[in-house]
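Visitor: This is what each chain is made of:
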Amino acid sequence: MTIYWECLRGIVLREWLRFVQQRSRFFSALVRPLLWLVVFAAGFRAALGIAIIEPYDTYITYETYIVPGLACMILLFNGMQGSLSMVYDREMGSMRVLLTSPLPRSFLLTSKLLATALISLLQVYAFLAIAWFYGVQPPPLGLIVALPALLLVALMLSALGLLLSNGIRQLENFAGVMNFVIFPMFFLSSALYPLWKMREASEWLYWICAINPFTHAVELVRNALYLRLAPTALVVCLGLTLLFSLLAVISFNPQHAALRRAA
Amino acid sequence: MPRTALATAIALAFSLAAGSAAAATAYVSNEKDDSISVIDLDKMETVETLQVGMRPRGLTLSHDNKLLYICASDSDTVQVMDLATRQIIKQLPSGADPEQFALHPNNKWLYISNEDDALVTVVDVDKEEVLAQIDVGVEPEGMAVSPDGKWAVNTSETTNMLHWIDTSTNELVDNTLVDQRPRHVEFTKDSKLLWASAEIGGTVSVVDVDKREILKTLTFKIKGVHPDKVQPVGIKLSSDGKYAFVALGPANHIAVIDAKTYEVLDYLLVGRRVWHMAFNPDESLLLTTNGVSGDVSVIDVAKLKVTKSIKVGRYPWGVVVTP
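Here the protein sequences come in this chain order: A and B.
Numbered per the numbering used here, the first sequence spans residues 1 to 263.
Numbered per the numbering used here, the second sequence spans residues 1 to 323.
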């Protein structure tokens, strides 16, 4: 058991060191949602309030509405960036070093997912702290209740990232991930606009948004922040986390990239 | 019979518990539904809807909180509801189109503004008869009686004046010009100051009652909201003299004002087109009627935060709270 613990500690520590050393990565992860919060939300001008929707008890400003979505955006980018680092690790060899460990590969990969998720949480809470001073103040207890929700979402998105990284051949393809994974997931969700609004525009867009896992991630976090439980979102997130992790571990092949290049 | 005794004890315990938790109740007039929504402030939800006369607007309570007076504008009457039975027990001769009114501290004289007739009608609520009718400016609206009982003040929306009625003679003795379309007036507890809102002018004037002159005019500015939308209507003053709350109509915000320095402290986001307000008995909560969104927002006065919005009928207008 101690070996497992030692291994997990090592992987988390390595992610932590990388996080501390790449301060620019930390800031870019923060600047992105803050730009949305301060610039985009201001441009939207919903000072007259947004109609009441779950889990809010009263009228809210647009800034208040998008904060949970932006918190999840950090997790989304980090999950995908984690996948980038996987590709990098695999190509530069440090992943191979890791995989020489006698511990089962599934454990190593899960530890890696957990490490990425934990580091992401730090960034989310840094963002929530800034949002708090900006005037978006969910109940203080909600910030604690949201922790498991955020962790689950982080794991789900990291697992998805890992799964995708198994299919990515080269570093440059991250741009493709941005275009074909991050942007559609983010925009076709309830992160920026309530889904009833989407439904007014188009029924089929609404349905795409409604089945988007990211919508469930955002709603899980949004409800948790306001001390509510979103059962459907919880089931969807739990199920998908398991599914993505399982598929990621099964499809993971350390030789993939090298073999493909040789071919 | 020990079992019966036990049952009685349990029933008693329950009734005691229910008694101690007896919640404050809010009554909200729904202008378009011809009804009154009853809100249980413990449950924070509408528990009953009572049908009343046509287009109910202004609401006020008798000073013992037993009777609810309702301006049924399109029925041209003031209805009186017994709150114990929630039945209309009588209709008072109010003059045409009563909109707002105020009850004299003697609990007998009701001062009613008749919007269409440029009149203020004074009704004795016990004898059910008109004591006087006083000519005022065009489109009378806001109505208040000073806590010391000396003054009744009416606002006329088109003449843009506050009309001062001496209650001992029921005669108009003075007028004060204020900004465009005065909608509502509210006296401070000591009867020394009168706050008056001007809907189109976008201002609130604080008037010295002795001199009947404006002391201070307050203006409002909400980031991201066009100034044309800032239309002050309802005013509520906390009885500790700390805060004044002003409902800003289609700006969907309540302005919180330091009642001593006249500084605007904050703007609180509520539902759409907010008009009137009421405190609960201990003044820990302030309720606002949001006409267009058909709900009542609840403000936590200590925290100055909006905590909840409760669905009521269509176009809620007035609100009162009983213990």
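Hint data in this document are derived by calculation from the structure and do not stem from the laboratory.
Accuracy of the hints is not assured; some may be wrong.
What the hints assert, rightly or not - Straight-line distance between alpha carbons at most 30 Å, and here's what the computed DSBU-like set of lysine-lysine pairs gives:
hint, chain 1, residue 1, chain 2, residue 2
1, A, K197, B, K66
2, A, K197, B, K127
3, A, K197, B, K311
Claimed, not checked - Sample of chain A residues at the chain B side, in silico, Cβ under 8 Å:
hint, residue
4, G49
5, I52
6, T58
Unchecked claim - Simulated coverage check for chain B against chain A, where a stretch passes if three residues somewhere in it have a Cβ under 8 Å from a Cβ of chain A:
hint, segment
7, 24 to 38
8, 305 to 315
These numbers come from a predicted model, not from an experiment.
Yeah, the Cβ is synthetic: ideal placement off N, Cα and C, and Gly gets one too.
Visitor: Decide, hint by hint, whether the structure agrees.
Guide: We went through each hint and held it up to the structure:
{"no.": "1", "hint": "K197(A) with K66(B)", "in the structure": "violated, 45 Å"}
{"no.": "2", "hint": "K197(A) with K127(B)", "in the structure": "violated, 56 Å"}
{"no.": "3", "hint": "K197(A) with K311(B)", "in the structure": "holds, 20 Å"}
{"no.": "4", "hint": "G49", "in the structure": "holds, 5 Å"}
{"no.": "5", "hint": "I52", "in the structure": "holds, 6 Å"}
{"no.": "6", "hint": "T58", "in the structure": "holds, 4 Å"}
{"no.": "7", "hint": "24 to 38", "in the structure": "violated (count 0)"}
{"no.": "8", "hint": "305 to 315", "in the structure": "holds (count 4)"}
Checked against the numbered hints given earlier, this structure breaks hints 1, 2 and 7; the rest are met.
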